[in-house]
Amino acid sequence: VSHLSALATNVEVKQSLIPNTMDHQRIISEMHSIIEVIEQLSGLPSNWNGKVILDVSLRERGTKPFSCEIVLRADLVSEASRWRTLIHEGFHSVSAGYLPLDFIAHRGWEEGLVEQAQRIMRSEILRKIGIEVDPAAFEEVERNHLFNEYVDALERIRNGFGSESRDFYIDLLKTPIKQRYSSLQARAMLLQGDRRIDMVRLLAEANVVLTRRMSL
Amino acid sequence: MNSKANELERRRIIKQVLDATTLAEIKAATEALDEWLGIYPDDHGMEDGYEQLALMRNAQLAIASEKSEPVAVS
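First to last, the sequence lines map onto chains P and E.
All residue numbers for the first sequence refer to this note's numbering, where the first residue is 1203 and numbers rise by one.
All residue numbers for the second sequence refer to this note's numbering, where the first residue is 3 and numbers rise by one.
Be careful, since some hints might not be right.
Among the chain P residues that face chain E by a calculated CB cut under 8 Å, a handful are [claimed, not checked]:
id : residue
1  : D1257
2  : P1267
3  : C1270
4  : L1303
5  : F1305
6  : R1309
7  : N1346
8  : F1349
9  : V1353
10 : D1354
11 : R1358
12 : G1362
13 : D1396
Hints listed in this document are in silico derivations from the structure and should not be mistaken for laboratory results.
Every residue, glycine too, gets a C-beta built ideally from N, C-alpha and C.
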């Protein structure tokens, strides 16, 4: 009996997490607004097909599979923190060369880039679509986020080049995933003397973090 | 979650998640993340690890499918 009771409770909990049609339509509408602004800011077309799947059993908060839909964990539909997830997935949808083999080989060049683009442009995106969210809703998650290793590696590269934040990340979004490292190497080769040597070394060290190759 | 030992364990799991490449490594990293978040459900900074693991798994399955290779999926 206790087993059945526990099962019934679980079913009840799962049922309560199932979003209604209005939630689903609202999330699709929010995603359309976000994508429109991301396309404006980046100058890149999104490959999102207009579908959002709300999944009650998802472990991840959200994902943008290599197909064209966006998936969001259903219990987040009314959480303020969903905005960072929707924007992160929106940036995946405009990212050049988002393909399975290239993602495996260069995962940090995609996840770190998309995460940092989200952090840098989130307040502007939300302002443009008329949404006000207390930044505290995102701060703690981002302070202790497991992609910070990737973000820190990308920031070291950006600081090394002395690039402006938004331009650097948008340029990388426009560059296919598998060419991001080589395109920055080519840029480093245009530098003079010690600066060139320092940047090539810095890039190589960051690439170990971003590709997980030779990770110790 | 503030003790030194827990912080080291958290770092170990982050490395396992970010490094996971084969389907077996992805499964083991997912289980490690499940266990961590089972103990620390409010550690939301770790949740996005599932996204990379899901994408890595989908990517491996897509590549295997293109090659028509049988894969062990559990």
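Do the hints match the structure? See the list:
Nearest Cβ of chain E to the Cβ of D1257 (chain P): about 11 Å, over the 8 Å cut. The hint is violated. With a cut of 8 Å, the hint placing P1267 (chain P) at the interface with chain E holds, because the nearest CB-to-CB distance is about 6 Å. This hint is violated: C1270 (chain P) has a C-beta 13 Å from the nearest C-beta of chain E, more than the 8 Å allowed. The beta carbon of L1303 (chain P) comes within 6 Å of a beta carbon in chain E, closer than 8 Å, and the hint placing it at the interface holds.
With its C-beta approaching chain E no nearer than about 5 Å, F1305 (chain P) sits inside the 8 Å limit, and its interface hint holds. Because the beta carbon of R1309 (chain P) sits about 6 Å from the nearest beta carbon in chain E, less than 8 Å, this interface hint is met. Annotation: N1346 (chain P) was flagged as interfacial toward chain E, and the flag holds, the nearest CB pair being 4 Å apart, inside 8 Å. This hint holds: F1349 (chain P) has a C-beta 6 Å from the nearest C-beta of chain E, less than the 8 Å allowed.
Taken as an interface hint, V1353 (chain P) does not check out: its beta carbon lies about 12 Å from the nearest beta carbon of chain E, beyond 8 Å. Restraint check, D1354 (chain P) versus chain E: the minimum CB separation of about 13 Å is more than 8 Å; hint violated. Restraint check, R1358 (chain P) versus chain E: the minimum CB separation of about 17 Å is more than 8 Å; hint violated. Given hint, G1362 (chain P) at the interface with chain E, is violated; its Cβ is 22 Å from that chain's nearest Cβ, farther than 8 Å.
Contact between D1396 (chain P) and chain E, as hinted, is not supported at the beta carbon level, the nearest pair being about 32 Å apart and thus beyond 8 Å.
Consistency with the previously given hints fails for numbers 1, 3, 9, 10, 11, 12, 13, ordered from lowest to highest.
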